[in-house]
Structures are given as C-alpha cells and as structure tokens.
Amino acid sequence: MKRLLAYSSIENIGLIFTGIGLSILFAASNLHLFAALALAAALIHALNHSLFKSMLFLATGSVLHATRQRSLGKLGGLIRSMPWVAALALIGTLAIAGLPPLNGFVSEWLLLQSFLYTPQLPHAFINMLIPLGAAALALTVALAAYVMVKFYGVIFLGKPRETLLAQAHDANWLERIGLAWLAAGCIAIGVQPQLALDAAGKSTGMLVGQTIAPNPSVWRIAPIAPEQASYSGWIFLAVILCTIAVTFLLVRLLAHGRIRRTAPWDCGYPWQTSRMQDTAEGFGQPIRHMFGAFFRMERELPAPTDLTPKYRVHIEDRFWRALYQPIAAAVKRLADAISFLQGGRLAIYLLFSFLTLLGLLVFVL
Amino acid sequence: MLRSPLNVQLLSHLDVELLKLLAAGMLLISFAMLSTRRTQQLITLFAWQGAILFLSTTLVAHEAGLTELYFSAGLTLILKVITLPLILHTLIKRLGAQWDNERLVNIPITMLVGLVLVIFSFGLAQPISLLATTITRHTIGIALAVILLSFLMMITRRKAVTQVIGFLAMENGLFFAATSATYGMPMVIELGIALDLLVAVFILGIFFFQIREQFDSLDLHHMESLREK
Amino acid sequence: MRGIAFVWQFGEVILAISLAPLFSGWIAQCRAWMQNRKAPPFTQPYRMLRKLFNKDAALAENASRLFRTTPYVLFGTMVLAAAIIPSVVTDLPFARAADAIALIGLFATARVFQALAAMDIGTAFGTLGARREMMVGFLAEPAILMVFFNAFLLFGTTALTGMVDNYTTHPSVIDPSVVFAAIAFTMVLLAENARIPIDNPTTHLELTMIHEAMVLEYSARHLALIEWASSLKLFNYACIGLALFLPWGIAIHGAHVDSALIALSALLVKLAFCGAGLALIESVSAKLRIFRAPEFLAMAFLIAVLGLLVHLLLGANANA
Chain A
1 MKRLLAYSSI ENIGLIFTGI GLSILFAASN LHLFAALALA AALIHALNHS
51 LFKSMLFLAT GSVLHATRQR SLGKLGGLIR SMPWVAALAL IGTLAIAGLP
101 PLNGFVSEWL LLQSFLYTPQ LPHAFINMLI PLGAAALALT VALAAYVMVK
151 FYGVIFLGKP RETLLAQAHD ANWLERIGLA WLAAGCIAIG VQPQLALDAA
201 GKSTGMLVGQ TIAPNPSVWR IAPIAPEQAS YSGWIFLAVI LCTIAVTFLL
251 VRLLAHGRIR RTAPWDCGYP WQTSRMQDTA EGFGQPIRHM FGAFFRMERE
301 LPAPTDLTPK YRVHIEDRFW RALYQPIAAA VKRLADAISF LQGGRLAIYL
351 LFSFLTLLGL LVFVL
Chain B
366 MLRSPLNVQL LSHLDVELLK LLAAGMLLIS FAMLSTRRTQ QLITLFAWQG
416 AILFLSTTLV AHEAGLTELY FSAGLTLILK VITLPLILHT LIKRLGAQWD
466 NERLVNIPIT MLVGLVLVIF SFGLAQPISL LATTITRHTI GIALAVILLS
516 FLMMITRRKA VTQVIGFLAM ENGLFFAATS ATYGMPMVIE LGIALDLLVA
566 VFILGIFFFQ IREQFDSLDL HHMESLREK
Chain C
595 MRGIAFVWQF GEVILAISLA PLFSGWIAQC RAWMQNRKAP PFTQPYRMLR
645 KLFNKDAALA ENASRLFRTT PYVLFGTMVL AAAIIPSVVT DLPFARAADA
695 IALIGLFATA RVFQALAAMD IGTAFGTLGA RREMMVGFLA EPAILMVFFN
745 AFLLFGTTAL TGMVDNYTTH PSVIDPSVVF AAIAFTMVLL AENARIPIDN
795 PTTHLELTMI HEAMVLEYSA RHLALIEWAS SLKLFNYACI GLALFLPWGI
845 AIHGAHVDSA LIALSALLVK LAFCGAGLAL IESVSAKLRI FRAPEFLAMA
895 FLIAVLGLLV HLLLGANANA
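Heads up: the protein sequence lines correspond to chains A, B and C, in order. Under the numbering used here, residues 1 to 365 are what the first sequence spells out, in order. Under the numbering used here, residues 366 to 594 are what the second sequence spells out, in order. Under the numbering used here, residues 595 to 914 are what the third sequence spells out, in order.
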C-alpha cells in the first residue's frame, strides 16, 4: 500500500516541478502574469499534496492497524467493517485523483490553464513542444485517477480476500479526528480556492513580481480573466448535492424505494468466490500491456499441465537499474572511502572540530 | 527558368483556405500511411495523396495564372492517381501481398516519432517561409514533414512493397515542396522525374518477384542473410 | 445577473434531461434504418425508464452505500454538465462555474465513481469493466485536452459560453485546425460514450463489454438513473461539439423568447444530423479489439495535435 502511495508522490512532485519549470520559462520571456499563474499552481499543488497524501497515509495506517496486512493482495471489502475510514479515505482518493470539487483539481486546473498560454512563448520550437507537455500532464493525471481507483477499490471495495479481515474494527475517534480535519482541509480548498490562492499570491508576488488576477466574486476564481476561464467549486458542490437530493426525493415520491437483497448477479455464475475479483496486479494489467517497454518484467506463467498453477510477476523500473543504482553504488563507495575518518576515538573527533574552528578563524580573520 | 514573384494580396480568401486545408489533408494522409495495416489501403492512400496534389497544383495554377502548372497537374493526375496505383495494385495482387503489413516498431511509438518529426520540420521551415514569395509558402513546413514521414514509413516497415510506396510518397512531398516554394520545377525536370518514377516502379516490381523466388516471402529481414560471414 | 437568466438555466437543464433519452432513441432508429431493420418507436427509451423505475431494486448482499449512491452522483454530475454547456442560450449563470477543462474534470468524476461502484460487488466482470473504462478514460483525456487547447487558440477562451458568444469572429469552417479538432472530438466522443468502435452499447457478450460490464449488478431505479445519466452524457458531448464547431443558432448576448425558440429548433435540427452521423459511423465501423482502442485514441490525440501545430504554422503567420 505504502509503496503505491510513495510512487504516487513521485508523480505529484513531477507535477510541482512542471509548474516551476513553466514559471521559469514564462518569467524568462517576460510574461510575468503567466509565470505567476504557473508558480501559484505549483505552490498550491504542494499544499494540496501535503493534505491528501497525509490523509491517505493515515488511512493506510488505520487499515494496517486494524487488519495487520500490508499488501494490497490480502485486503478487500473493508468498507463494511471500517465505514468511517472508508468514507474519509474516499475523500482523500477523490482529491488525489484530481477530481472536482476537491482540492487536487484546483491545482491541476491552474497548471493546465498556465499551459494554455505557452504558445505565446516567442521561441519557435519550444512553443510547439510545450503543448505536448500539457498532453503528457493530462495523461499523468488520468493515470493517477486510474491508480487511485485501484487503490481504493482493492482495499475497501469488493469482497475480502482473506477471511481474517472480517475481524477488522473501525478506527477509534482519535484516528477519525485525524482523518477528518485533513478531509475538511481538502474540501475547503476545493470549494474556496481563494484561500490557497491568497497564500500563494504572497510568494508569487515576491518571486515573480506579480500576482494572478483577483477573483471576480467570492464564489469563483478566474486566474487570468473572467472571460477566458473561470471555475467555481461552490457551484459544483452545491448543484451536485442539490440534484442528488432532488432526484432522491422525486424518485421516492413518484416511484418507490423498495429493495430486495439477493446474491450478486455476475451473469448467472452460481459459485462466486473472493478470488474471482481483480487482484491489484490484475487491475493494472492494461497499463503493463501498454507501457511494457518501460519496465523490466519477470513473469512466471503456469504450464497447461501444472497441477498447482501459479502466476508470478515482478516489475521493476528500468531506470532503477540503469541510473539510480549505479549512482547509489558510487555514493556508497565514496562514503566507504571517507569512512576512515570515523576512527571511533573521541579525541579524533574533537581534533576535527578543533581544526575546523582554526580553519574558519583563519578564513574569516 | 525562374518564376516571377506574385502579388499576394490579389488572392481570394476561399482559395487560400482551401489550399491550407489540402495541405493539412496531405499531412493527415502521411500519418494514415504510417499507421495503416493493410498494403491495399496504403496504395489507396497514395492515390488520394496524388489526388490532393493534383487539386492543390490546379488551384495554385489558377491563382498564379501559370499555364505550365496546369500541365504539371495533369501529369500528376495521369501518373500518380491513375497509372502508378494501378501498376502497384496488380503488382501486389500477383505477389499475394495485399494485406498483412507488419512493422518493426509498434504504432504509438511510430506516431510519437512522427509527431516529433512534424514539429522539427515546422520549426525548420519557418525561416524558409519568410524568404519565399509564393502564396503557398507557409505550406513548405508541411511538405518537409511529408517527406520525413514517408522516410519514417520506409524505415519502420517489414514488407518490401512499402519501401516503394514510401519512396513514391517522398517524391510527392518533394513535388509539393516545389510547388509551394517556387511554383513548380522547370518542365524538363518534371518530365524527367516522372519517367524515373515509372522506370523505378517497373524495376522494383521485377526485383520483388526475384526476392519472392529466392526467399519465398517478401519480408525484408530475409535479406539480412545476404551479408558476408 | 438577470432573473430571467435563471429561467433559461433551469429550462435548459430540463430540456437536456428530457431530450437525452430521445436522442439515444433517434440514434438507434437511424442505425436500424441503415441496417434495414425496423427500430423500436421513439418513446421506447422513456418506456424503459418508466419500467425500470417501477421495479424492485435487487441489490447484492454485499452492496455498500457507495454502490447505492453512485447512480445519484452520476446523474447529478451529468445534470451539472448540462447546466454548463450552452445548448440553446449562452446566458447561463452556472456556466461561469466551469470552463471546458473543468468539464473534463467533471466527466472524470463521473467515470471514477462508476468504476468504484463497479468494483464494489467484487465480481470478475465488474472489475473488468472498471479497469477497461479507466484505461479508455485515461487515454481519452490527452486527446480531448488537445482539442480544447486548439479551441483556445482558435477562439481565445476556454469557457464554452465565451466561445459561442464570439462565434461571429470564428475562423472559417474549413480552417484545417477546426476540421482536425472536429475529427479528434468525434473520435473521443465515440470512445467516452462507449460507442462502436470502442464498445458496443447493445452487446450481450460480457467479455467484450466496457460500459455494460460496470452496470451489470444494477437494477430498477438505480439502473434507470445510470442509463439516463449515460444518455445525458452523450447529449452533453454532442452539445459540446455543436457549441465548438456548429454554433449557429444559439441565442447569444441576452436571449429573448423568440431567439430562444429559434435556437431550440436549430438545436433539434443539428442534433438530428449529429445522431444520423453517429449512427452512420457506428454502422460502417467494426468494434475494435480492446487493445486496439489505445491506437484509436492515439490517432485522435495525434489529429488534435496536428491541428494545433498546423494552426501555429499556418494560422499565426499567414497574412492572407
């Protein structure tokens, strides 16, 4: 679980860096308003990320505490035994997937808005290549939504994959408060982004010399000009909730609300087990199929004559072996080489501090 | 024999829009040729490319008032829309290679590389467009892109027939570039190129039969066995 | 804000909700004509909705609250989208809530909720539909973003009402960027609304389903709401396409009753043509293998990007 969230953090940091990079590009071409927009988007995304990522880590902590299972393949169906954690984690999942009316959407919307102005960059090749960056960004955001659906679906929805999960207990009230205030933060920034924009505005004012346009009314934000684009989280939330309420009432009034509980339909298959639903790896199969060239995959497939068929897949990032591991090894070698300094004797350490002090005195005076 | 520059303000708006649309259509057809799976479809697309070329040359001839371009357009029609596709169709029918056309690199990656090539040619062509004086000078970038895309198609395909079509498409792109930059090439050169094309197709057709006799398939990787050990 | 604007807003939403099943029925009718069969009458979708509302809901034993609220959430998001898209008038107060890019986010919300609900029961088909739907969704997003990017460069704004308001200054219809954007948009429309060639809306083979597999466990009023929301989604997409590429007739700059009536009849005519066009595309294409769907969407993305590049090359520095 936590590994999934860690990789997702990598993606979010990529988004932040994209915003910073765009801001630098714009500032270099003297388009300070757009630079402020991109920088504000990056800063707000950092803020949002702190909110929803912490919330998701807390939720996984609750799940871990309740079920003592770390791996996604052994969870499932926890929405029934842990309703509070599931509900609050849903808010976190929707926020990180970048869905309106929550906060993740605000920063991604601002970032995409700043991409819209990149064709105005004066450089010939760059103004054609950067819009492709916008497409890559949209792809990343949509992939993040995919991953979060997998995350939430495999942990909380479906049938439990282990029988021990039936004993899971819900979070106690302290854990709930911890999750709830973060969820409140997500919703607050989602519907009233001006709070975050004001905070970001101070930084952009100092760094780029300009802030984005003030919002035309308290209900919505319009970073560049109201005619060009505006967004209102309040209207989103209000209209959706109102429509849900009205529809519910109308359906109850004009039709009825009777329910019958039966076994799941599943197109008439009579024997359903919890192993028939997707595993976490299974849910990610389309991604593996499409982006297979980017990974190293080791697969163990069962033979047709196997009496105990097993399937195993191990995926690794190519860049890990090719790039990061050599660097890490080099750093380790360097560290080993310097480790002779760690003699273990107190006198040597004091000697180092003394020599550094002498050197600084010479340098300064 | 140089063409005289023309006053661009004398043009009707509709003709310029149509030319832009036809140029964009050429680009789209090049991408479609990159991605199609069946050889027969490839030849049809090539015929369409020739048709667009014919239409755009006629339009330019009409706008610029140069009668030689009408002849070029007519030549294009006869050669590239009718004769060559017919020859190619009968060729692949005899070879039995109408359908399967595998590739060395899969489609999304080819598309991405194609896109980068398009950006590259557009960026390159912008200063050249400023120097030319024809009405269609902005479409030089598209012509360059068509040439590069046909080259890409020649590189990423397995079957031998696609190399020919790629070569012909490249010539299409060159012709388009010539029309858009300098209102066509001198007639002698054009006739020479047309004859070369025809002869090339005949010779390559003979080659294909030889290849098939030797290796029993038109797959190009069999030719790798021809290298010296 | 004028009070009458709220009347237009409300009216447009009611119009969308009522016309959406009719639009789906019209497309089915056109398909039947083209395939030389007799189609059910136009009111069939309404009858089916009524039938479904009157049934008892048969819920799986382990269906959670999420499963039961998702149909309402889907309906709510689609109604909000209908409120934002200018189909008849542009004087819509709620339209300021979202521009085109926020609309993409709204449709994404609906998709995520539907996928989550599909995973809720824990059957093989539900999760199959969920992952396929998310796959199609994430590939369609870059394509449609590029279409709106194009629209921004061409029309100067991403707010749909703004685009329609300025349509007198639009570039001509045969501008290549507009044509490319229209082609790409149509391809994304087919993909997102589960039409051939991505998904067959009338299939009964579970292994080929994407959208249908997600709603296998729903029945009665939940299914009615989901079906209604799906037809509303198609209606919304069609109206977005009309607002972007064929905006003539929409009442702009403060509507009166007569211009609204003209706009309404224009909308009906345009939708009729769109429906016939969609039916034609569906009848001549075959459903793609599921892993060819990425190629289809990659093609849509490519065409949209080409439109963008062609605009930057030809439109920006052409003087004639």
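In case anyone wonders, no lab produced these hints; they're calculated from the structure. One should not assume that every hint holds.
[Unchecked claim] Dumping the calculated DMTMM-like pairs for lysine to aspartate or glutamate here, alpha-carbon to alpha-carbon at most 25 angstroms:
#, chain 1, residue 1, chain 2, residue 2
1, C, K632, C, D759
2, C, K881, B, E467
3, A, K74, C, E821
4, C, K649, A, E300
5, A, K74, A, E175
6, C, K649, C, D759
7, C, K881, A, D266
8, C, K645, C, E655
9, A, K159, C, E889
10, A, K74, A, D198
11, A, K2, A, E316
12, C, K645, A, D266
13, C, K645, C, E806
14, A, K159, A, E316
15, A, K159, C, D852
16, B, K458, B, D380
17, A, K310, A, E175
18, C, K649, C, D852
19, A, K332, A, D317
20, A, K310, A, E281
21, A, K2, A, D266
[Unchecked claim] Derived, one-sided and incomplete: chain C residues facing chain A with beta-carbon distance under 7 angstroms:
#, residue
22, G605
23, I608
24, E806
25, G835
[Claimed, not checked] Some chain B residues well away from chain A (every beta-carbon gap over 10 angstroms; in silico):
#, residue
26, P473
27, L480
28, G488
29, Q491
30, V553
For glycine and all other residues, C-beta sits at the position ideal for the given N, C-alpha and C.
These are the hints, each one checked on the structure:
{"no.": "1", "hint": "K632(C) x D759(C)", "verdict": "violated (41 angstroms)"}
{"no.": "2", "hint": "K881(C) x E467(B)", "verdict": "holds (21 angstroms)"}
{"no.": "3", "hint": "K74(A) x E821(C)", "verdict": "violated (34 angstroms)"}
{"no.": "4", "hint": "K649(C) x E300(A)", "verdict": "violated (48 angstroms)"}
{"no.": "5", "hint": "K74(A) x E175(A)", "verdict": "holds (23 angstroms)"}
{"no.": "6", "hint": "K649(C) x D759(C)", "verdict": "violated (45 angstroms)"}
{"no.": "7", "hint": "K881(C) x D266(A)", "verdict": "holds (24 angstroms)"}
{"no.": "8", "hint": "K645(C) x E655(C)", "verdict": "holds (23 angstroms)"}
{"no.": "9", "hint": "K159(A) x E889(C)", "verdict": "violated (34 angstroms)"}
{"no.": "10", "hint": "K74(A) x D198(A)", "verdict": "violated (44 angstroms)"}
{"no.": "11", "hint": "K2(A) x E316(A)", "verdict": "holds (16 angstroms)"}
{"no.": "12", "hint": "K645(C) x D266(A)", "verdict": "holds (22 angstroms)"}
{"no.": "13", "hint": "K645(C) x E806(C)", "verdict": "holds (19 angstroms)"}
{"no.": "14", "hint": "K159(A) x E316(A)", "verdict": "violated (29 angstroms)"}
{"no.": "15", "hint": "K159(A) x D852(C)", "verdict": "violated (57 angstroms)"}
{"no.": "16", "hint": "K458(B) x D380(B)", "verdict": "violated (39 angstroms)"}
{"no.": "17", "hint": "K310(A) x E175(A)", "verdict": "violated (39 angstroms)"}
{"no.": "18", "hint": "K649(C) x D852(C)", "verdict": "violated (42 angstroms)"}
{"no.": "19", "hint": "K332(A) x D317(A)", "verdict": "holds (21 angstroms)"}
{"no.": "20", "hint": "K310(A) x E281(A)", "verdict": "holds (14 angstroms)"}
{"no.": "21", "hint": "K2(A) x D266(A)", "verdict": "violated (32 angstroms)"}
{"no.": "22", "hint": "G605", "verdict": "violated (15 angstroms)"}
{"no.": "23", "hint": "I608", "verdict": "violated (12 angstroms)"}
{"no.": "24", "hint": "E806", "verdict": "violated (11 angstroms)"}
{"no.": "25", "hint": "G835", "verdict": "violated (19 angstroms)"}
{"no.": "26", "hint": "P473", "verdict": "violated (8 angstroms)"}
{"no.": "27", "hint": "L480", "verdict": "violated (7 angstroms)"}
{"no.": "28", "hint": "G488", "verdict": "violated (4 angstroms)"}
{"no.": "29", "hint": "Q491", "verdict": "violated (6 angstroms)"}
{"no.": "30", "hint": "V553", "verdict": "holds (36 angstroms)"}
The structure fails hints 1, 3, 4, 6, 9, 10, 14, 15, 16, 17, 18, 21, 22, 23, 24, 25, 26, 27, 28, 29 (numbered hints given earlier, in ascending order).
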